[in-house]
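There are 2 protein chains.
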Amino acid sequence: MDYTENALRRVNAYKGIIVDVTTDMVKLSNDAVTLREVVCHPGGVCVAALDEDDAVYIVRQFRYPFREHLWELPAGKLEPGEDPFPAAQRELSEETGLEAAEWTPLGTLYTSPGFSTERLYLYLATGLTRGTAHPDPNEFLDVDRVPLTEMVRRVESGEISDAKTVAGILRAARIRGV
Amino acid sequence: MDYTENALRRVNAYKGIIVDVTTDMVKLSNDAVTLREVVCHPGGVCVAALDEDDAVYIVRQFRYPFREHLWELPAGKLEPGEDPFPAAQRELSEETGLEAAEWTPLGTLYTSPGFSTERLYLYLATGLTRGTAHPDPNEFLDVDRVPLTEMVRRVESGEISDAKTVAGILRAARIRGV
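Going line by line, the protein sequences match chains R and V.
Using the working numbering, read the first sequence as starting at 1 and increasing by one per residue.
Using the working numbering, read the second sequence as starting at 1 and increasing by one per residue.
You can take every hint at face value.
Not the full set, but computed from the structure, chain R residues with beta-carbon under 7 Å of chain V:
#1 18
#2 39
#3 116
#4 170
Heads up, simulated DMTMM-like pairs for lysine to aspartate or glutamate below, C-alpha to C-alpha not over 20 Å straight-line:
#5 R:27 x V:142
#6 R:15 x V:20
#7 V:27 x R:139
#8 R:77 x R:94
The calculated label-pair distances, taken between Cβ atoms and stated as ranges, are:
#9 R:29 x V:158: 25 to 31 Å
#10 R:11 x V:9: 26 to 32 Å
#11 R:143 x V:10: 30 to 36 Å
#12 V:69 x R:101: 36 to 42 Å
No wet-lab data here; the hints were simulated from the structure.
Model, not experiment: these values are computed from the prediction.
For every residue, glycine included, the Cβ atom is placed at its ideal position computed from N, Cα and C.
Just need the whole structure built from these sequences, with the hints factored in.
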């Protein structure tokens, strides 16, 4: 069935630092009219970097919305108009110091399709060369190298809650057959 | 390392329909001061309902932020103060008509921990009894029953982009050994 909703009128309700919010008046497929609130986000990239021993690199940051330190796959926001592939290379290098010889796109993740336009481009990076991390001046993180099997265990035990990391680790595990 | 960021001052920047936005002035772990913009969301539930033949139930809705119809696991927002377990039972019943005899919590997913407080409670539901779907008046969706192996294929091919669905399907696949 076609449930397309058509915008009748847009209100730019909030213009923020990272996100904007629009509240559109839309016509539903039964011709009823309602409001759709949308968080507009530039999107981002996420990288599962696997070395020759099937270990994966993860980073630990303080995530202010949850007031928690979280372990996640390296990731970052897209600049406006930026292509995802160079952004993935940049974020992996900045956060971990790694360069990768082979990049395999693993598709896109819509993190919250009910209310947010955030779209993450997920990559598998292999053929790794180690260098020095160079995060942004006010970006603080720890890097660790963990066997993929152990990361799968952490996903299954609930130690990893970040959705992109759960998806990226389980995709990598199927690709590597672990 | 401890990278805790402490709020110095809060601005309630936007009060919306589903989300609010706060922009807090925070002190970083190096004593620098910056702003943290946070999308405040009530959180939600997501259910991987598996029948005796290892088929999973999915729903298709129009997702206005992407102007796309998406296939997703049954899911829904929490009401303020609502416990996730009854919400999961309610959403599964409303969207698919299913009741489940056994419920296994699969932990929580943080959909966008960099900027959003959305936390999804993921469940595996088994021992299914079929009934009649009864979605909200202005909620339009199709329901399908798909073998778990086929859903894994759709995740791996990129046909499924919704992050909670990718996570839930791959968690269920590991549990069922497919």
